[in-house]
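**Student:** Each chain, letter by letter, is given below.
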Amino acid sequence: MTEQQALYKYCTQLGDNALIQSYRLAEWCSRAPILEEDLALTNMALDMTGRAQLLLQYAGQLAGKGQTEDDLAYRRSEPEYSNSLIMELPDDDFAFTMVRQLLTSTFEYFLYSALTSSTDKTVAAIAAKAVKEAKYHMAHTTDWVIRLGDGTDESSRRTQQALNKLWPYTEELFETDDAHKMLLAAGIAADVNKIKASWSEHINATRTAAKITMPSDDYQHSGGTRGIHTEYLGHILSEMQYLQRAYPDAKW
Amino acid sequence: MELKEDINIQNVAMSIFDRKMEMDEPIEPKDHMPDGYRKHLIRQMSQHAHSEVIGMQPEGNWITRAPSLRAKQILLAKIQDECGHGLYLYSATETLGISRAEMIAQLHSGKAKYSNIFNYPALNWADVGAIGWLVDGAAIVNQVSLQRTSYGPYSRAMVRICKEESFHQRQGYEIMTKMMRGTKEQREMAQDAMNRWWWPSLMMFGPHDSDSPHTGDAFKWKIKRQSNDELRAKFIDKTVQQAEVIGLTVPDKELRWNEEKKHYDHGPINWAEFYKVIAGFGPCNNQRMEHHKKIHAEGAWVREAAEAHRAKHQRQ
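Protein chains in written order, with the numbering used here: chain A, 8 to 259; chain B, 2 to 317.
Hint data in this document are derived by calculation from the structure and do not stem from the laboratory.
A hint or two may mislead.
Facing chain A, according to a computed beta carbon distance under 7 Å, are these residues of chain B, among others [claimed, not checked]: (1) Gln45; (2) Gln48; (3) Lys73; (4) Leu77; (5) Ile80; (6) Gln81; (7) Glu103; (8) Gly153; (9) Ser156; (10) Val160; (11) Ala298; (12) Trp302; (13) Arg304; (14) Glu305; (15) Ala307; (16) Ala309.
Have a look at the derived ranges for each label pair, beta carbon to beta carbon [what the hints assert, rightly or not]: (17) Gly194(A) with Arg161(B): 32 to 38 Å; (18) Gly230(A) with Lys239(B): 34 to 40 Å; (19) Thr215(A) with Asp25(B): 56 to 62 Å; (20) Asn271(B) with Lys258(A): 31 to 37 Å; (21) Lys313(B) with Lys142(A): 23 to 29 Å; (22) Asp212(B) with Asp160(A): 51 to 57 Å; (23) Gly217(B) with Asp99(A): 25 to 31 Å; (24) Gln11(B) with Glu43(A): 35 to 41 Å; (25) Arg316(B) with Asp185(A): 36 to 42 Å; (26) Glu87(A) with His264(B): 54 to 60 Å; (27) Ser223(A) with Lys112(B): 18 to 24 Å; (28) Arg316(B) with Pro222(A): 27 to 33 Å.
Only a predicted model underlies this, so the values are computations on that prediction, with no experimental measurement involved.
Where is the CB? At the ideal position from N, CA and C, for every residue including glycine.
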């Protein structure tokens with residue numbers, strides 16, 4: 008694997024995470040519990056779509072086969088997607104969405120903070136934009152998780168249930184592979200081991216303020232980064248890619 | 002004595018309202034206003050707010066299927082604007098002494114309406130274009146006119162909203178243009194969308210002036226400045242030319258330029274359909290209302306939690 012191939016893999020993975028999150032967030036459009044939150048959720052979806060666009064565009068350039076960001080988003084099949092599984096889980100309710108977003112946005116905040124000093128200029132520039140967005144996403148979801156955890160009995164039960172369901176998908180965020188290791192040595196990728204400590208600290212502090220308990224930690228799912236996904240991803244892609252696949256010659 | 006003074010205060014307040022009307026000065030929330038004026042505005046402004054919110058549904062139907070990352074971003078941003086307009090208009094209406102919760106209850110009970118146009122389905126991707134170009138295009142004509150409406154908060158809301166609506170219309174037209182320059186299937190989708198949205202868009206301006214029940218008061222109070230037919234003609238004139246430029250056919254065989262009037266003449270509007278949809282029998286009336294009610298009910302626990310959390314921490 009050349010460094011360029013490793014970087015393609017890395018950017019695709021980050022791009023896929025943004026893209027699949029944006030899909031799930033955008034599903035909330037016209038469905039949020041209050042209008043203010045409809046705005047906030049679509050705002051996050053917009054940030055994620057923009058981030059996916061930049062990362063997949065760069066990945067397309069690195070691959071050197073003339074692929075655009077849309078080719079990568081709309082013409083790849085499930086095994087070619089490398090997002091973490093947590094991104095593709097369907098939203099049970101508003102608590103699930105907020106807890107998931109807290110877990111992923113906190114991770115992304117520390118990740119992109121570190122990537123702002125990447126030796127790859129494009130990655131550093133994308134990170135500089137992403138870190139501002141992630142900071143807001145983290146603050147917004149932290150507030151909501153505390154509000155819901157420490158709200159009514161029902162909201163507390165739902166928040167706890169969400170964390171229990173999501174927790175077994177968190178470890179995958181910190182997985183590394185050969186591409187990561189190569190890029191880390193070159194100062195391009197971020198060191199997820201360092202990120203883990205900051206992430207755990209923020210999640211624990213929020214969980215404590217929200218008065219919810221830590222789920223048991225005995226089993227963790229894995230596979231997304233290697234292209235082995237949940238059944239949900241196929242449904243996401245069949246909906247998202249419908250027009251591009253049904254009318255392959257059309258330009259939109 | 003007291004009664005007499007009250008009557009005097011009433012009279013002075015009324016004369017301030019009348020003088021402001023005469024001088025074309027905006028009426029502000031704290032000004033005295035006739036009950037009928039307040040009721041008319043609550044009806045019209047809350048309907049406007051509900052329309053923005055219900056209008057998110059047909060476009061929202063295509064978000065997960067938007068065919069490119071750029072198209073998805075534009076559509077998301079647009080729907081977000083509509084949501085913001087809804088919020089802004091609810092707030093402006095609240096200045097008249099009604100809460101958002103009351104307005105939503107009126108929407109659910111059927112007392113308050115929303116624009117009929119959103120009772121039509123968005124069936125293919127070109128519908129997203131047609132909604133932006135035709136529906137928002139028609140709304141702009143109406144809203145530009147409302148920028149000069151007599152109630153200050155409403156007029157200011159319109160100034161702000163019009164800026165964003167013109168972006169919506171341009172993005173809608175851009176989608177239609179792309180589709181018309183695309184494959185045969187894309188051109189068919191665009192024409193199909195045009196055929197289905199043209200007439201309902203014309204109906205958005207309401208009944209002909211001779212049949213419009215609210216026109217009298219609305220004009221007297223300067224809430225409305227131009228008649229339904231005047232506004233409709235404005236919309237047709239600008240839109241027909243835009244359709245021709247990209248090769249879309251307007252689905253009206255009687256449409257032709259009237260040199261004398263300097264406007265297009267158009268064929269008869271199917272008012273039976275208009276009243277049928279108002280009465281609740283459009284293709285999506287039930288779907289739109291059920292969706293809104295369901296989402297509102299499902300979100301109740303979140304609103305209660307936020308309120309409970311606030312109350313707990315206020316006490317501390």
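**Student:** Going back to the hint list, which numbers does this structure go against?
**Tutor:** 1, 2, 7, 8, 9, 10, 11, 17, 18, 23, 25, 27
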